[in-house]
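Visitor: Listed below, chain by chain, are the residues.
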Amino acid sequence: MNRVLPLFQRWPFAFAFLLALVLLVLNLIVSPSFLSPARLPGTLATLAPFVLVGFASTPSILAGGIDISVGPLATFINCLFVAILIPAGLGNWDLAAPIILAVAAGIGALNGILVAVLRLHPVVATTGMLFLLVGLSLTIAQNPVAAPNNWTEVFAGGIGVVPGALLTIGVAGLIWFALRRTAFVSNLLATGESDVSAYGSGVNIKAIRILAYTLGGLFAGIAGIALTAIVQSSQSSLASTYALLGLAAAVLGGTSLAGGRGGLLGALFGAVSIYLLQQLLTASGVAPSLIQFAYGAVLVVGVVLGATLLAPRLKRNAS
Amino acid sequence: MTGDTLSPAPRTQAPTVRPRPWTTFRAWAFEVPALQVLVVAALAAWLVITIPAVANPRSITSILVITSLLALAAMGQTLVVILGGLDLAAPGYILFGAFMAANVAGKLGVPPVVALLITVLACGGIGALIGWICHRFAVQPLVVTLGTGAAITGATLFLADGDYSSAPPEALRSLASLRGTTLGLPFPPIILIVLLCGAGMWLFLNRTAAGRRFYATGINFRAARLARVRTAAVWTMVFAASGALAGVAGIFIASFGAGWSQTIGEPYLFSGLAAVLVGGSIFGSIRGSYTRTLLGALTLTLLSTIIVSNGLTEAQSRIVFGVIILAVVSLYGRERHVRDRF
Numbered sequence: 081m082n083r084v085l086p087l088f089q090r091w092p093f094a095f096a097f098l099l100a101l102v103l104l105v106l107n108l109i110v111s112p113s114f115l116s117p118a119r120l121p122g123t124l125a126t127l128a129p130f131v132l133v134g135f136a137s138t139p140s141i142l143a144g145g146i147d148i149s150v151g152p153l154a155t156f157i158n159c160l161f162v163a164i165l166i167p168a169g170l171g172n173w174d175l176a177a178p179i180i181l182a183v184a185a186g187i188g189a190l191n192g193i194l195v196a197v198l199r200l201h202p203v204v205a206t207t208g209m210l211f212l213l214v215g216l217s218l219t220i221a222q223n224p225v226a227a228p229n230n231w232t233e234v235f236a237g238g239i240g241v242v243p244g245a246l247l248t249i250g251v252a253g254l255i256w257f258a259l260r261r262t263a264f265v266s267n268l269l270a271t272g273e274s275d276v277s278a279y280g281s282g283v284n285i286k287a288i289r290i291l292a293y294t295l296g297g298l299f300a301g302i303a304g305i306a307l308t309a310i311v312q313s314s315q316s317s318l319a320s321t322y323a324l325l326g327l328a329a330a331v332l333g334g335t336s337l338a339g340g341r342g343g344l345l346g347a348l349f350g351a352v353s354i355y356l357l358q359q360l361l362t363a364s365g366v367a368p369s370l371i372q373f374a375y376g377a378v379l380v381v382g383v384v385l386g387a388t389l390l391a392p393r394l395k396r397n398a399s
Numbered sequence: 344m345t346g347d348t349l350s351p352a353p354r355t356q357a358p359t360v361r362p363r364p365w366t367t368f369r370a371w372a373f374e375v376p377a378l379q380v381l382v383v384a385a386l387a388a389w390l391v392i393t394i395p396a397v398a399n400p401r402s403i404t405s406i407l408v409i410t411s412l413l414a415l416a417a418m419g420q421t422l423v424v425i426l427g428g429l430d431l432a433a434p435g436y437i438l439f440g441a442f443m444a445a446n447v448a449g450k451l452g453v454p455p456v457v458a459l460l461i462t463v464l465a466c467g468g469i470g471a472l473i474g475w476i477c478h479r480f481a482v483q484p485l486v487v488t489l490g491t492g493a494a495i496t497g498a499t500l501f502l503a504d505g506d507y508s509s510a511p512p513e514a515l516r517s518l519a520s521l522r523g524t525t526l527g528l529p530f531p532p533i534i535l536i537v538l539l540c541g542a543g544m545w546l547f548l549n550r551t552a553a554g555r556r557f558y559a560t561g562i563n564f565r566a567a568r569l570a571r572v573r574t575a576a577v578w579t580m581v582f583a584a585s586g587a588l589a590g591v592a593g594i595f596i597a598s599f600g601a602g603w604s605q606t607i608g609e610p611y612l613f614s615g616l617a618a619v620l621v622g623g624s625i626f627g628s629i630r631g632s633y634t635r636t637l638l639g640a641l642t643l644t645l646l647s648t649i650i651v652s653n654g655l656t657e658a659q660s661r662i663v664f665g666v667i668i669l670a671v672v673s674l675y676g677r678e679r680h681v682r683d684r685f
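Which chain is which? The protein sequence lines are A and B, in order.
Quick note on our numbering: the first sequence kicks off at 81 and runs consecutively.
Quick note on our numbering: the second sequence kicks off at 344 and runs consecutively.
Honestly, I wouldn't trust all of these hints.
Unchecked claim - Quick look at which bits of chain B chain A covers, simulated, 3 or more residues with Cβ under 8 Å:
1. 447-459
2. 491-498
3. 553-565
4. 655-665
5. 668-681
Read the hints as simulated data drawn from the structure, not as lab findings.
Quick reminder that beta carbons are idealized off the backbone N, C-alpha and C, glycines included.
Required output: the full structure, derived from the provided sequences and hints.
Guide: Written as structure tokens, this is what we have:
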């Protein structure tokens, strides 16, 4: 035990990783065909929006803020693509993908400007943005509009043997991996840890914060594509479902809401845990209401565990 | 510096620095919700001028009842926001309150007073637990309330066992229905209840030591602790109050709608938060108060009445809500620059 605890404290995502592993084994026991090649692409495609919304929540939390508008942003992108871009003849991937990602990153950047330049409280700024995005989605497509055949179907199925969902998650992961090679992520973590110290050390915290929210917006845009891939229609009503799910995934994955600690890997394992928990309980025939109860309980227990047992201890004074 | 007291004062006639009128006015305008009163008056005037038909007792009553429900649902959220947190469990509490009103008091025939007591105790107890956990383990209330909210929702739906067709008993419905009367006067009691709550909350926040301790904890947690405020008790009590009040709001919301559904609480989470923010209460701020939330709820209800009666949809009123939150908060909810926080 004495050797295990420091491991948890060193790697914030270790708890979510173990949880995901245990749930995966339980899932395989309950339904052995869970990971069969025939079911894998579909499973991963259902999982992808969860994971990507979790990714989208992470950069702003790492910067010491919070963005509760990423879920509605993903559904807004879904409505924008299905109900506006496709009817307008902009549905091809070489036109639609850049437009979608630019719009999503732009909305994220707007959040960043509200938080960093106008200095609004992050919860307030993103709540305002949440209202805007939900309203816009409902205005664009009040009722679900079915999408004609389009390029997003690739991400629900597979390209050859590669499941398409690995592409959407992989692109976001690659962007983060590339950014880790730059000073951006270190500065991001420094800003989240203590913005005063970071500012005093010459970090341009305004730019860092705006970039963090922009990155969150970009990931939410990719989440919107992954969402469109599985639902193949405009689903403005999903906004409230996804609004807080990403936050839950990120925090379960060990990302501290105080900022400066965590990463994308945590959000991945957090989202996978939530998804596997739902799968497991559904497969064992538990009522949906109890699944929600279990999800809430796991979230609370995970957060409390992460804050107490698994958190890095403050070093005692030498005295 | 201290040595200077012996030497003759360099300035023989100390000019009494009189604050400029604009400065005093601005301080006053931030101190009291003057802007909110102005906005409510302007919106009410606009509504009456564009749609004269609205100025009959029935329409006014319905606007006030909807405002009261929103204000009641936002009451606990106001307290939590002043403390510097956010209570995302509100939809769970509201759902539980609605369940108690419809299924327990309505179908099972439990006396409404008992149902009310159970709601207050259950939601208050869960809230107290949340507050204690957040304080004890120094975790953000955001995620704990989010998880607890999901758990309460799940448990309530499990208890309801698929029965969403029951309605609250007549005794409860008369409290919130539009045709209700209060002491012979033609308006439902809910309006009076919310007004009394507002007055009580004002007295508590401004005229009692407990209210002052509560503000102190919200503004600066460490300073309050060093001033021997028992912050654990404050956090526990505030989250308990938030839970109990949201549960009671759920009872009234179900009584007003004469029924309930699985998603009855969800609109009130973000609308309630919007009422708090538009009223001008900011996270951990001395300027927060329940009076502001009442004005905020009235602003939002008037605004959505105007928007819907002008032929726009509910969706467009969401957009306007979003813009208004951002506008109000950027007017006077801005945080300090980093260089001023060294």
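Visitor: For each hint, tell me whether it holds in the structure or not.
Guide: Hints and how they fare:
1. 447-459: violated (count 0)
2. 491-498: Held - the segment 491-498 of chain B has 8 residues with a Cβ nearer than 8 Å to chain A, which meets the minimum of three.
3. 553-565: Violated, because only 0 residues of the segment 553-565 of chain B bring their Cβ atoms closer than 8 Å to Cβ atoms of chain A.
4. 655-665: Coverage by chain A holds here, the residue count being 10 at a Cβ distance below 8 Å.
5. 668-681: Held - the segment 668-681 of chain B has 10 residues with a Cβ nearer than 8 Å to chain A, which meets the minimum of three.
The earlier numbered hints that this structure contradicts are 1, 3.
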